[in-house]
Each structure stands twice: as C-alpha cells, then as structure tokens.
Amino acid sequence: MKMLVSILLLCMVVFGALLLRDPGIDQRTITALSIGFLMLGAWLTGRLFAGIKLPRISGYLLFGMLVGPSLWALGAESLLPAVVLEKLQRGTPLISSAQVVDLRFIKYLAISLIAITAGGEIHLDWLLKQGKRIAALTLANVLGVAGLVFGVCWALHGVLPVIRTDEAMTTMQLVIAYGFLGLIASGNSPSVAIALINECRADGPLSRTTLAVTVCKDLTIIVFFAALISVGKGLLDEQTAISATFLLAVGAQLGGSILLGALLGLVMAWFVEHVRGHLVFFVVVSCFLFALLGEQKFHMPGTDQHIHLEPLLMALAAGLTMRNFRPKRSEPLFKTIEEMSLPVYCLFFAVAGAELDLSVFAVASAALAAGIVVVVRAVGVWAVVTWTGKRLGLEPEWRGKLWLALTPQAGVTLALATLVVQSFAGSPWAGALGNLLLGLVAVHAMAGPIAYRWALVSSGEAGKMAKSGSIGH
Amino acid sequence: MRLLIGLTILVTLALLASSQRFYRWRRTRLGAALTTGGWLMVAIGFAVGPFGANFVLPEQLLEVEPLILFCLGWIGLMVGLQAHRTLPRAVPGSVFALTGIDMLLSVLVLSATTLAILAVFDVAIMSALPVALLMGVFGAGWSAEVRSLQRRVHDADHVMPVIRAAAGISSLAAVAVYGLLFKSFSIDMLDGITWSAWDMTLGVMISLGVGMTMGLMGKWLMSLAGRSEGEFLVVLLGLVTLTAGAAATLGYSPLLVAALAGAIIVNFTGKPLQRFQRVIIEAEQPVAMALMLVAGVLADPRLSPQAVSLMLALVIMRGIVKLIDQRIIRRQMKIQHNPPALVGLIRQNPLAIAMAVGYAIAPLGRSELTPLSGGQVVMIVVMIGVMAEAFAFLQHGSHEQPEDMTP
Numbered sequence: 285m286k287m288l289v290s291i292l293l294l295c296m297v298v299f300g301a302l303l304l305r306d307p308g309i310d311q312r313t314i315t316a317l318s319i320g321f322l323m324l325g326a327w328l329t330g331r332l333f334a335g336i337k338l339p340r341i342s343g344y345l346l347f348g349m350l351v352g353p354s355l356w357a358l359g360a361e362s363l364l365p366a367v368v369l370e371k372l373q374r375g376t377p378l379i380s381s382a383q384v385v386d387l388r389f390i391k392y393l394a395i396s397l398i399a400i401t402a403g404g405e406i407h408l409d410w411l412l413k414q415g416k417r418i419a420a421l422t423l424a425n426v427l428g429v430a431g432l433v434f435g436v437c438w439a440l441h442g443v444l445p446v447i448r449t450d451e452a453m454t455t456m457q458l459v460i461a462y463g464f465l466g467l468i469a470s471g472n473s474p475s476v477a478i479a480l481i482n483e484c485r486a487d488g489p490l491s492r493t494t495l496a497v498t499v500c501k502d503l504t505i506i507v508f509f510a511a512l513i514s515v516g517k518g519l520l521d522e523q524t525a526i527s528a529t530f531l532l533a534v535g536a537q538l539g540g541s542i543l544l545g546a547l548l549g550l551v552m553a554w555f556v557e558h559v560r561g562h563l564v565f566f567v568v569v570s571c572f573l574f575a576l577l578g579e580q581k582f583h584m585p586g587t588d589q590h591i592h593l594e595p596l597l598m599a600l601a602a603g604l605t606m607r608n609f610r611p612k613r614s615e616p617l618f619k620t621i622e623e624m625s626l627p628v629y630c631l632f633f634a635v636a637g638a639e640l641d642l643s644v645f646a647v648a649s650a651a652l653a654a655g656i657v658v659v660v661r662a663v664g665v666w667a668v669v670t671w672t673g674k675r676l677g678l679e680p681e682w683r684g685k686l687w688l689a690l691t692p693q694a695g696v697t698l699a700l701a702t703l704v705v706q707s708f709a710g711s712p713w714a715g716a717l718g719n720l721l722l723g724l725v726a727v728h729a730m731a732g733p734i735a736y737r738w739a740l741v742s743s744g745e746a747g748k749m750a751k752s753g754s755i756g757h
Numbered sequence: 169m170r171l172l173i174g175l176t177i178l179v180t181l182a183l184l185a186s187s188q189r190f191y192r193w194r195r196t197r198l199g200a201a202l203t204t205g206g207w208l209m210v211a212i213g214f215a216v217g218p219f220g221a222n223f224v225l226p227e228q229l230l231e232v233e234p235l236i237l238f239c240l241g242w243i244g245l246m247v248g249l250q251a252h253r254t255l256p257r258a259v260p261g262s263v264f265a266l267t268g269i270d271m272l273l274s275v276l277v278l279s280a281t282t283l284a285i286l287a288v289f290d291v292a293i294m295s296a297l298p299v300a301l302l303m304g305v306f307g308a309g310w311s312a313e314v315r316s317l318q319r320r321v322h323d324a325d326h327v328m329p330v331i332r333a334a335a336g337i338s339s340l341a342a343v344a345v346y347g348l349l350f351k352s353f354s355i356d357m358l359d360g361i362t363w364s365a366w367d368m369t370l371g372v373m374i375s376l377g378v379g380m381t382m383g384l385m386g387k388w389l390m391s392l393a394g395r396s397e398g399e400f401l402v403v404l405l406g407l408v409t410l411t412a413g414a415a416a417t418l419g420y421s422p423l424l425v426a427a428l429a430g431a432i433i434v435n436f437t438g439k440p441l442q443r444f445q446r447v448i449i450e451a452e453q454p455v456a457m458a459l460m461l462v463a464g465v466l467a468d469p470r471l472s473p474q475a476v477s478l479m480l481a482l483v484i485m486r487g488i489v490k491l492i493d494q495r496i497i498r499r500q501m502k503i504q505h506n507p508p509a510l511v512g513l514i515r516q517n518p519l520a521i522a523m524a525v526g527y528a529i530a531p532l533g534r535s536e537l538t539p540l541s542g543g544q545v546v547m548i549v550v551m552i553g554v555m556a557e558a559f560a561f562l563q564h565g566s567h568e569q570p571e572d573m574t575p
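Chains A and B are the protein sequences, given in the same order.
Counting in the working numbering, the first sequence runs from 285 upward without gaps.
Counting in the working numbering, the second sequence runs from 169 upward without gaps.
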C-alpha cells in the first residue's frame, strides 16, 4: 500500500509540473524531470513487484510502459477530462516520444555499464572448459529457433500472414522478412540476464550457462544479422550488389570493437590502480566514452565502407579483460559499479519500457500474429534446449529450466528491430515487421524476467552468490 | 569526433590531476590558489571549449542539460542542508548582521554600478535590471574555504570561524535572493523584459511548495529505502534530479528549490540524515569540478567595451564592499589591525559560478533581449573571481609567513 501511495504521489507531482510548465523552456529541460521520475517510479514499482515475488526488473519495465508514450497512444488519454488534456497538449504524456529519444543517451550509458558488469562476470577459465557446451547451445538456439519461427510463419503465410502488407509480397521479400523475424526472435537480453542474476544473487551452472549463452548468442546474431542485411539488400535492391567488403566491414566492426574494448579495459585497470579516488565519476566518464565511440564512423581504408564500433561489445570486452587479466587492480571498479547498479537498472529498464511499442496489440489480427510467434518461439526454445541439453549431458536438475532462462528479450532486440526498419525503409513489409518485432519484445520483456526468476529460484541458485558479487567466486 | 577527442583530453587531464606529483603541487601556494577555487577546471573547460581547441561546443553541452541541472540541484541541496533549525542559536547574531550588511551592500552597490555602466552605453534600465540584480547577488559573500589561509596564520584562528560561518549563511541568502529574481522577470518578444511583483510572489510560493514537497518526499522515500545502500542511492539521485528537473520545468531556480528541499530534509529527517549528508558532501568535489568545466566551456570571451568596463568596475566596487566588510569584522571582534586571514573576504564565493551557469542555461540567459548573453555573464563572473583570487593571493603573500610551509 505504501508503495502504491508513493507511486501515485510521484505521478501527481510530475503531472502538476507538466501542467504548469513554463512555455519558454525546451524539451531537454523536461528530460531532467523525466530521469528523476523514471528512476524513483521504477524503483517503487520494482519494490511493489518484489513484495509479490515477481522480478523487480519487470516492475521497472512496467512502470516505463505505463508512463511512456505507447500506452497513451492506445487511448489512455481518454481517461482524462478535456480541460486537463487541453493543458497537457504541451507535454503529453508523462514521458513523451521526444523525451524517450532524449533519454536514449542515458540508455547507452547504462548499456555500457551493464556490459562491463556482464564482461566481469565471465571467467575465461570456466568459459574455456565449457566452450563446447556453450557453442553448441548457442548455435542450436540461434539456428533452431530462427529456423522454426521462419518455417512456421512461412507455412502459415497463405492462411494467416504474420506480416501483413497492403500489396502482395514476392517470394524473395517473404524469405528476407521472415528470415529477419526468425533471427531476431531467437535473440535474448544480456542486460536482463545480468540484472536478474544480480537481483536474485544467483550463482550456479544455470546462471553461468545462461549468461554465457546469452552473450554468445548476441554476438552470433549480430554477425548473422549483418550478413542478412547485406544479402537482403543485394537480393531486393538491384542497385545494391552483395559486397564482400560489407561483410569484411562487419568483421572489422566486431573484431575492432572487441580489441579496442580489451585495450580500454587494460587502460581502465591501470587508471583504477593509480587513481583510486572518484571512481563513480571515472565509471560514468568511461561509459560516456564507450557510448560516444559507438556513435563515431570510421572509414575502412581501400574500401567505400564505414564501420562503427559496438559500445556493448567494447564494454563487454573491457569488463572481461579487467576481470580475467587484471582481477586485483580492477576489483574496486567492479565494487563501484555494483554499488551504482540499482539506479542504473531502474533507469535503464524504465526507459526500455517507455520505448516499447504496444500498438501491435490494438489490432486483433496483428495481436493474433504476435501471439502465434510468441508461442512458436517458446516451443522452439524449449525443444532446442531440451534436445541439445540431453545430447550435451547437462545435469537434469537445471536442464529443464534452462529454456525458461532463455526467454527474456530487451535492448539488443529492440535495436535490431529498429535497424531492419531503417535499412529497408522503402520496402512495404519493413514497417509491419518492425511493429511485430516491437510487440514481441514487449511480451518477452514483461514475461521473460518472470520465467527467468522462477527458473533461478526453483533451481536453488538464488541467493548463492558470494558477497564479492561475482559469479563463480 | 571532436567531442570524443575533447573528452579523451579531459580524461587524460583528470588522470594527471589525480597523480601524486599533482597532489604535491596542489600543496604549494600557487597550486592551492589555482585549485581551491576550481579555476584550473574552468581553464580546462575554456581550453577545450569553442574559444579554445573547439572540441566541445556549448550546444553539445546543452545536450547534457539534465546533467547540468543535476549538478545545480546537488549544490542547492548541499546549501540547503546548512539550514538546520539550530543555526540561529549556534551562530552569533553578529555573523548574521555581517551577512545581511554584505548582501545588502553587494546588491545595492554592484547592481547600481551595473545599471550605471550599462546606462552609459544606452542600455534601457528595464533590459539591464535582471543582469544588474544578478551581478549584485553574484558579488555577495566569499569563499568558505579557509584551510589554505589557516595553515599559515595561527594568530587569526578566531577570525576563521566567523569567515566560514558568514560564508555559509551568505550562500543560503544568495541562493534565496537569486531564486527570487529568477522568475520575477519575463521575456516577451513584443513587450521585451518585464518585471512583475505578482510573478515574484507566485514564484516564491511555488518554489516553497515544490521544495517542501520534494523535501517531504525525500524524507518518506529515505525511510522506505531503509539500510540498503543501493536503494538509498536511487532515492538520492532520483530526488536531486526530480527536484532540479521540476524547478527547471516550472521555470524556477533549481538551486533555490533544491535548497528548500535540503532545508526540509535536514530539519525533519531522523536517522538517515547523517548518511544523506555524508554522500552529498563526498560527491561535492566531482560535482563542483563538473560545473567549473561547464562554466569554462560556456564562458564567452567576446566582451564588448561595455562588458569590459562593467567587469573592471565590478571588480573595484566589490573590492570596496569587501573592505567595508573587513572593517565591520574588525569592529565586531575589536581587532586593531587587519589580520591576514581577512584577505579571504575578497575571494569570490564559488556558488557565484554555479548561479551564473544556472542563469546561462535558463530562458533569460539565452534570450537576445538582455544586454549581455549568458556566456558573457559567465565570463565576467569568472574573470571577477580570478582577479579577486589573484589579489587575495598577492595580498596574502605580502604578509610575513613565519609558519612552517610543509603540510
């Protein structure tokens, strides 16, 4: 009850500030208000969720979703009186679409911070020992789930098209569109994985395997995705040939990100050892640096290609390098990051929630199509994990729960969905596919953490993390 | 790419600033003079800004306006935390009298000087009034940092607490007056700059209302957070950002509203208060550093003859006001000669930079209807501060230094 009252009070304060806002101020000024509102509101909702044995991050996401622009667009505004609406036109809803765009900057910072943590949780010796298992699970998941979603949607297209367009799609368009759908549907969320492991203080084979598979899946999907974009553009656009240099650029992008990230990890460890003070400031500036590096374009010599570095990969590599090659030097940094993690998670997942697009659920046929993909994906993940798990000889105590741990989706999937829409902006199917994918992420972002938390608790791994805060230690 | 290079330079400089060698240099007289007021950070900000290497542009800084507002909110909260209910009993009445006289003299003398100089250059009184009043507030008070003076001057130990206490109270007063002026003036393309008593009254009422609401909310949320460090950090960061953001959204001063919230927290919060104060004070240096950097980037050195004349006149007039303050202290404490520590009164209150940054990013500071742009106001405040610091450095250096120089 205390939480609900606090959330309502907070919403009223922000609502009042927006109603009485000074007409002379610009959008960016309101962003500060939004940041504070999202952080506190998400935290309170998370506590509310924790009270009913649900993951806190589902609370953070739900709060973002409730105050974000998507739900407003679906008709929430009809609940307010006309006079208030008229006043609010300058700032609807509590978090507007423009603010969500402004808040992306915060999101990039948070992604870097979460990725450093995720990298710091990966122990190379354990990973090398489990290499075969992880590789097999990763590939089986990506290929199996993507294949199943692709196959079912393709087969159903004549009867119940999952991607609906005004004009009929060519076979090639269908292949490419469903290819993207399958590939992106097979993805997971490393940020959700790391946040939930931290929240549940979980450690054990399920937590470690989930984290490693999730990160490796992300890398694999990014590679396949880049290749599919290149092939897709070559096949659908007569003016764009499939180019080997494009694939080379993708390789350089991934390799460059990992190498630079590892190098920055060493620099950060050196810095921490020599500076020791103001680590919070240092962490924020470092994450800002990762985010900024990700926005730069670098020309690849001898080609017409430009590459841009992946902040997620860089930060991941930096965390992994620090934890595995400079463990003692970097310990204070990981401790600082752990202390900062709760505000970051609250803000990051609330912004992710505000970004989710629920418009697909407003149309019955689209909602049905999304429902079909959700079911097919769930069956696919369950079947693939069960089958591969048996073949690999995974312990039965946690094997049956692994598929639940591989259901959440969030940030990376959202980014890939946006990229597809941008890359094929002229195609009639891109918008429909984008909406469908955003709807899928909304479902998996909300339901996934609940399933994952249940898996961690029922496997007995929750609460097993040592006080140092690192898995496996 | 330029921003990236700029940031890399800043990180490298921060690295150098954290080295043992730099730490030793900070303990020298020159090092202390440059670093205690944050002038080195202002210089670095200026060096990477549009009038230096052009790595960071003011427009890019405004992209991170929420971060600047957060810093202002933090500073405001820190100032407000000084307003404990025991303050009137803990501090002698003479200190309050000194602060009151200094504030009154500063606002009257410096505002009149600004109005007079701008009138010479044919600026209408109404256009000049907001800048004039703000210049008066910026000139009030002095730096609360007295350690660098205390190390060398044992005979002035009894003056130090007075300087420090008066600096703290004058910060509270400056934030209050600044907040009062913040919303009293409105800009309209047709009517120009107008002043309204109603807007000022409403501004005070709303600032009080928002500050009190935020303070009470902070107290309530802190009790919910309990002993968890992570949850406490969420409350602290969320509260500062929400308070500063709400004030800026409504068009009021984030410094004043946050200070009011701080005053409520310090007077009504029980056990968690110590932790709250500790975290707030621990982060003072990085927050101040960030604001000084921002000031350096925002500072616009393209000063017109009217701005240069104004700056020089303000330096002189502020010096005269501080001489009067020195006399008041001597009379209050019955001291025959000026103890060297009283030189500290000349040094500018670092809060003036925070207030100038707050003005520069507010609609009034960005308006073309004012005679000085926000960037020029920041530049003038920085220059007055630097000149005051240099004067204090030379004055203090001219006194005999019989004490051991080693820390």
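Possibly wrong hints are sitting among the right ones.
Unchecked claim - For lysine-lysine, the following BS3-like pairs were computed, each having C-alpha atoms within a straight-line distance of at most 30 Å:
1) B:Lys-387 x A:Lys-337
2) A:Lys-619 x B:Lys-502
3) B:Lys-387 x A:Lys-619
4) B:Lys-502 x A:Lys-286
5) B:Lys-387 x A:Lys-286
Note that these hints are calculated values from the structure, not bench results.
Verification of the supplied hints:
no.	hint	in the structure
1	B:Lys-387 x A:Lys-337	27 Å, holds
2	A:Lys-619 x B:Lys-502	54 Å, violated
3	B:Lys-387 x A:Lys-619	27 Å, holds
4	B:Lys-502 x A:Lys-286	57 Å, violated
5	B:Lys-387 x A:Lys-286	14 Å, holds
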